[in-house]
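Residues per chain are reported as follows:
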Amino acid sequence: KQEVTQIPAALSVPEGENLVLNCSFTDSAIYNLQWFRQDPGKGLTSLLLIQSSQREQTSGRLNASLDKSSGRSTLYIAASQPGDSATYLCAVRKNTGNQFYFGTGTSLTVIP
Amino acid sequence: NAGVTQTPKFRVLKTGQSMTLLCAQDMNHEYMYWYRQDPGMGLRLIHYSVGEGTTAKGEVPDGYNVSRLKKQNFLLGLESAAPSQTSVYFCAIGQGTYEQYFGPGTRLTVT
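As given, the protein sequences belong to chains A and B, one line each in that order. Number 23 in the working numbering belongs to position 33 of the first sequence; there are no gaps in the numbering. Number 403 in the working numbering belongs to position 86 of the second sequence; there are no gaps in the numbering.
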């Protein structure tokens, strides 16, 4: 079974700081990896999707990288803002089957 | 939430009661998923469907049934609710192996 871990569970940073969120997975035979944002009491919003053949994806102030061989992905947020405060989740899809495996998330607080 | 709606938003059930959660999409995606989210455990897949008339079990299917009679709708049923099924339920859709889009969730409490 694929295990997905996100460390730290919670992170607090001052506004304007650049930060990195981590996601690790145990089985490197993945098809893709997706990063989500979840606001309290809300559903998940897709941020970035990285296919297994890609090394990174960028969207605005967000940059996600993937190192499949080491079982790691990072989400880089540049110039953080209070509006970035949310829980960030990563999910990996294995090469076989149709199932995504989720981490438990990192709760980010950006202090004005 | 990208054309995915869930009904109802909240529900309180007594142990042993039954209910059906509805997920509807307007994006014409083939794949639909039901997840549950519990504190400290992340999202876990209950059942999924890769097309109209098909369903398959996910990681935690026990106590749930599903049906996909129409492409745009995916129903999740609880035949005899138990307190362990207290959770937030999310529906998601996807097109093949591409990204998933999530609904706003249903918060279910079983007393």
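A hint or two may mislead.
[To be verified] Examples of chain B residues lying across from chain A (beta carbon under 10 Å, computed):
#, residue
1, M358
2, V367
3, Y381
These are computed hints drawn from the structure, not numbers from a lab. These numbers were taken from a predicted model, which means no experiment stands behind them. C-beta atoms are modelled at their ideal positions from N, C-alpha and C, and glycine is treated no differently.
* To do: Would you list, in rising numerical order, the hints stated earlier that this structure does not obey?
  => Result: hint 3 breaks, nothing else.
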